[in-house]
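Participant: Protein chains in written order, with the working numbering: chain A, 1 to 229; chain B, 230 to 353.
In short, the hints are calculated from the structure, not lab data.
Worth double-checking, as some hints may not be accurate.
[Said to hold, decoys possible] Pulled from the structure, derived: some chain B residues nowhere near chain A, Cβ distances all over 10 Å:
#	residue
1	A275
2	E285
3	A288
4	K308
5	L321
6	Y331
[As the list claims (entries may be wrong)] Stretch-level coverage of chain A by chain B, calculated; a stretch enters the list once three of its residues show a Cβ under 8 Å from a Cβ in chain B:
#	segment
7	107–116
8	145–153
9	214–224
[As the list claims (entries may be wrong)] Pairs of lysine-lysine residues, derived as DSS-like cross-links and limited to a Cα-Cα distance of at most 30 Å, are as follows:
#	chain 1	residue 1	chain 2	residue 2
10	A	K119	A	K6
11	A	K119	B	K320
12	A	K6	B	K320
13	A	K119	A	K192
Fair warning: this is a prediction, and the values are worked out from it, not measured in the lab.
The beta carbon of each residue, even a glycine, is placed where N, CA and C say it ideally should be.
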Amino acid sequence: MSDVVKETVQDAVEIVKDHAEDVHDHDVHAGDHGHDDHAGGHHTSLGLSNTKLAMWLFLGSECLLFGGLISTYMLYRNRHSEDVGPDQLWDIPFTSASSFVLLMSSLTMVLAVAAAGRKDDRNTKLWMIVTAVLGGLFLSGQVYEFTTFYREGLGYTESLFASSFYTLTGFHGVHVAVGIIMLIATMGMVAKNKISGDKAETVEMVGLYWHFVDVVWIIIFTLVYLIPA
Amino acid sequence: MDVDAPTTPEVEVVHDDVDAPAGALTDAAHDEHHDHPSEGRYIAIALMLAVVTAAEVAASYIDLGWAFLPALLGMMAFKFIVVVREFMHLKLDNRVFSWLFYTGLILALFVYLAALLTFRFFEG
C-alpha cells in the first residue's frame, strides 16, 4: 500500500514539473512574438489580449452613444427658425477640407501603428505627432465653425436643432481632444521608454480609438452636412 | 495492486487537461500576430477614401434625383467599412473582436431605427 502511495506521489510531482516547463515554454514563445515579460498575464483563456478585447468592447458601446446623439439630431434637424438653419450656416467646402484632414490623420495613425510593429520608435513618434497635429487642425476648424455659427445667431439654446447639433459635434470634438491627449501621452512614454508591456499593442490601442473617432465623423459628415433636411 | 491500475491513468487525464489550454493559448496568441499590409497599401486605401469623399461632396452639388440618398449612404457605408476593416485591422484580427464591435453597431442601428420609427421620422 505504501509503494502505491509513493508511486502516485512521484507521478504527481512529475506531472507538476512537466506542466511548469510547459508554462515556461509558452511564456518564452509568447515573448518572442512581442509580448515580452507580460505574455502570460495579458491574455484571456481565448488567447486574446485583454486590453484589445476591452478596447473593442468599449468601441462597440460607443456606437450606442453616438447612435443616440445622431438620431436625436435627425429628429430635431428641422426645428429651427427660418433665418438660422443649415441652409444659411453650412460651409460645405470648409467642412469637406476638415473632413479630409481627419481622414488623412487616420492614414498617419495607421503608419504609426505599422512603425511600432516594426519596433521603429523614431517613425512611431513622427507619425504620432503628425496625427496629433492633424487632429489639432480638425479641432481648430471645429472651434472656428462654432464661433462663426454663434456670431450668426445660433446659440446653444436657440433651437432644438442648435442644441442637438452642438451636442453631437461637441461630443465628437471632445473625443478628438481626448485622442490628441492619448497620442501625446503615448508619444512621451515611447520616447522615454516608459511603456512596461507591449509597446506595439499600446500604440495599436490608441490607433483603434483614433480610427473610431474618424469613422464616427464619416457618418456625421454625410448625415449632418451633406444630406439636406 | 488493484488500486494502482486506476490511479495512474486518472492522474494522467488531469495532466492532459492542464496541457490542452496551454497549447490552445499559444496557437491563438500566434493568430493575433498576423502580417499587416504594407505602407503602400495603406496610402492607396487613404487615397481611395479621399476620392470617395470628393465624390460625396460633388454629389451634394449635383442633382442626382432619387439616386442622391442611396448614393451618399452607400459611399458613407463604404468608407466606414474600409476604415474598420483595413485601418483597424478587423479583416485580419480574431473574429471575437469583430463580433464585439459589430454587435454594438447593429444593436445601435436597430435601437435607434426603432426610436426614429416611433417618432414617425420616415413619414414626413
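Participant: Now look at each hint and say whether the structure bears it out.
Facilitator: Quick rundown of the hints versus the structure:
Look at A275(B): its CB is around 4 Å from the nearest CB on chain A, not clear of 10 Å, so calling it non-interface is violated. With a cut of 10 Å on Cβ distances, E285(B) falls inside the contact zone with chain A, its closest approach being about 6 Å. Non-interface call for A288(B) relative to chain A: violated, since the shortest CB-CB distance, roughly 8 Å, does not exceed 10 Å. With a least CB separation of 5 Å from chain A, K308(B) falls inside the 10 Å interface cut-off, contrary to its annotation.
Residue placement check: L321(B) keeps its beta carbon more than 10 Å from all beta carbons of chain A (closest about 12 Å). Once the 10 Å rule is applied to beta carbons, Y331(B) is inconsistent with being away from chain A; the minimum gap is 8 Å. Counting residues of the segment 107–116 of chain A whose CB lies closer than 8 Å to any CB of chain B gives 6, which reaches the minimum of 3, so the coverage claim holds. Only residues whose C-beta sits within less than 8 Å of a C-beta in chain B count toward coverage, and the segment 145–153 of chain A has 0 of them, not enough to reach three; the restraint is violated.
Counting residues of the segment 214–224 of chain A whose beta carbon lies closer than 8 Å to any beta carbon of chain B gives 7, which reaches the threshold of three, so the coverage claim holds. This hinted pair does not check out: K119(A) and K6(A) have alpha carbons roughly 52 Å apart, beyond 30 Å. Between the alpha carbons of K119(A) and K320(B) the distance comes to roughly 23 Å, so the proposed pair stays at or under 30 Å and holds. Note on K6(A) and K320(B): the hinted pairing is violated, with a Cα-Cα distance of about 54 Å set against a maximum of 30 Å.
Taken as a hint, the K119(A) and K192(A) pair is honoured in the structure, with Cα atoms around 14 Å apart against an allowance of 30 Å.
Of the numbered hints listed earlier, those contradicted by the structure are 1, 2, 3, 4, 6, 8, 10 and 12.
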